[in-house]
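Trainee: Residue numbers (the numbering used here), protein chains in the order written: chain G, 1 to 277; chain S, 1 to 395.
Think of the hints as simulated: they come from the structure by calculation, not from any bench. Hints are not guaranteed to be accurate.
[Said to hold, decoys possible] Listed next, the in silico SDA-like pairs over lysine to any residue satisfying Cα-Cα at most 25 Å (straight line):
1. Lys260/G to Glu53/S
2. Lys260/G to Ile88/S
3. Lys260/G to His176/S
4. Lys47/G to Thr11/G
5. Lys260/G to Pro58/S
6. Lys260/G to Arg91/S
7. Lys217/G to Leu92/S
8. Lys361/S to Leu344/S
9. Lys260/G to Ala86/S
10. Lys260/G to Glu150/S
11. Lys217/G to His176/S
12. Lys217/G to Arg91/S
13. Lys181/G to Ala116/S
14. Lys260/G to Leu118/S
15. Lys181/G to Glu126/S
16. Lys260/G to Leu82/S
17. Lys217/G to Leu344/S
18. Lys181/G to Met119/S
19. Lys260/G to Tyr115/S
20. Lys181/G to Arg91/S
21. Lys217/G to Gln130/S
22. Lys181/G to Glu90/S
23. Lys181/G to Gly228/G
24. Lys181/G to Arg28/S
25. Lys217/G to Glu127/S
26. Lys181/G to Leu61/S
27. Lys260/G to Lys361/S
28. Lys181/G to Gln65/S
29. Lys181/G to Leu344/S
30. Lys260/G to Arg172/S
31. Lys181/G to Phe63/S
32. Lys181/G to Glu127/S
33. Lys260/G to Met119/S
34. Lys217/G to Met119/S
35. Lys181/G to Arg129/S
36. Lys47/G to Pro58/S
37. Lys181/G to Thr62/S
Single-letter residue listing:
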Amino acid sequence: MRRWYSGASMTEIDIVGVGVWSEYFSDWDEFCSVLAGGAIPQVAALKPELIAANERRRAPLFVKMAVEVMDQACRMGALEPSEVATVFASVYGDMQITDYMCRTLDAAPRTISPTRFHNSVHNASTGYWAIATQSQRPANAISAYLHSAPMALLEGAIQALEEDIPVLVCVQELASPATIKPIYDSEQSFSTALLLTPPAHCASPLASLRIGVSSEKSEFPEAPEIPGVDWSHNLGARFVPLLAALATARDTELQLPLSKSSSLAVSLKRNTGKANA
Amino acid sequence: MRLAIGSYTATSAAGVGLAAMHDSISSRSSALRPNDLQGCDLDTWIGRVEAVEAVTLPPHLTFLQSRDNQLAWLGLQQDGFLENLAQITERLGSDRVGVIMGTSTSSIGRTEEAYANLMPSGVISEEYRQPEVYSLHTPGTFVSAATGLEGPSMTISTACSSSAKVFASAARWINHGLVDAVLVGGIDSLCMSILYGFNSLELVSSSLCRPFDRRRDGISIGEGCGFAILLRENLMPEAEFALLGYGESSDAYHMSHPHPEGRGAVAAMDQALERAQVAADAIDYVNLHGTASQANDRIEAYALAQRFSEGTPVSSTKAWTGHALGAAGILEAIITLEAMRHSLIPGTLNCESQDPDSAFKVLTENIHKPVCHAMTNSFGFGGNNAALVFGRIND
């Protein structure tokens, strides 16, 4: 087996915060509770406090999900939001805005809403985040098709280490609009954020990761089964096996596909010194 | 952090391939034209690449059919780029060469077509069921498939800074040891979303754009693509140019209006100069974002005045290419490299009467002068900024 990294020099990175939001749980505690067999809570409409009320009205769900989970992760990691760089990732981007744009262009192109147009950029979430937190740190928005989640983790880890800064990695996908169901069919929206720091940056990280790229083919690992929750079709839920390991304080080895012929090997070591956040 | 530039090519309204672009720039002629894009009735000028529609993708790539990818395929064929890439890949191994593309809209033009041809049931029809093309990663998927590169493949989409930021991520990948080389690039093609979208913000000009002119009244939208190979310096001792530094920042101000004092722009330029260890006074040329919108040009000039001495040659080349959005970063990086190669600094085209309120004077005529160090700026919606510094190797 050939490794892009030599076996001894896998990249080490800490996770110091995590955020989650979906129609089934609105934060990390609810996620842990559902995972442990608890009832699925009633999730209220999303109102991320970071975004000012007037901006919130203009912000699409896609942006609100991202800002919410990024804020959760920063709070857990006790880091100033203005100190972290961001890497946002999604396979298909804001499908609701794409749906709106394409319908309007077909029917009455001159009536396109300027606000929805500027919200249609893939970096809308990191733009709103920067405005809300007054962060001038670098903001990235990426995609790697079905491999967006592992690629975002790799990109965020490399940036954190090369620039010696904390990096927030946000991975999410919306429920699919009816029109494009033949391409992508998911009834749920799901968003996750991981706050990464270089080793020793924070005294008590949640977990330490060793990651490396291998030329082994792999399939996404299955997420834990929860009655009523369909992870398997949700491209935003690719971190769930990693989150489950974090939630249950298990050391874990995972292979996440990075392309058709390569994988991101992830070795997670839970920091037992820190209570289940 | 110096990284060698192995090979590069560009395709835009300013020319298909480098020789055509050099001719346009040295003769100071623009190929921007009154809007004649099929299905679009806006009174504006566009930078359209001739005959993109006629480009046929090879059979193994037809699953990625879109105007973007037709343009990318055309662009990849120029200047012996694929041959140069093959030589490098043969030496390094195809899994040691990554792909990072930049785009603003990916292939949304294809999705627009799909929505214009929905089935009676309201879902997209068979012909348009192309999940890879519906993704933001279409340019990366296409370039990886077209070149056979097996290294990690990623697409950056941060509006108009996208394909400047590809250099920053590529530099980190190489410095970290993830890969030895990265094919970086950018692509955006003309589509209705962009034309009508910018029109809704009242940002498009009804004439050929006039960067830094007192009568400037908006942008001319263009399409284009560019590609470059970035690699460890020791792997290509014969390389002429290197990426010396990059800077990335956020304005943290507004989604579609730059910070009034250009704080994000200044931060990106400062970082790029610091990484490059080059003083602002040692920069021989700055290729500007210079979109010809009222706000961008005023604020970019203000940002320049905070760091550069009067008389530093700076210019916008948007009246040659149009604003190619997610492809603008790499197109202008390549225009900057070409200025170094030919010792020819392009003066801002179609700036006839410079805005007297501008805080920094831009060059308006071409000048012949050696360029050892040069910078290029790219700023995007969401307040997303990038600046790059290039230099001569063996300087």
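Trainee: Of the hints stated earlier, which fail here?
Mentor: Of the numbered hints given earlier, those the structure breaks are 1, 4, 14, 17, 19, 20, 22, 24, 25, 27, 29, 33, 34, 36, listed in rising order.
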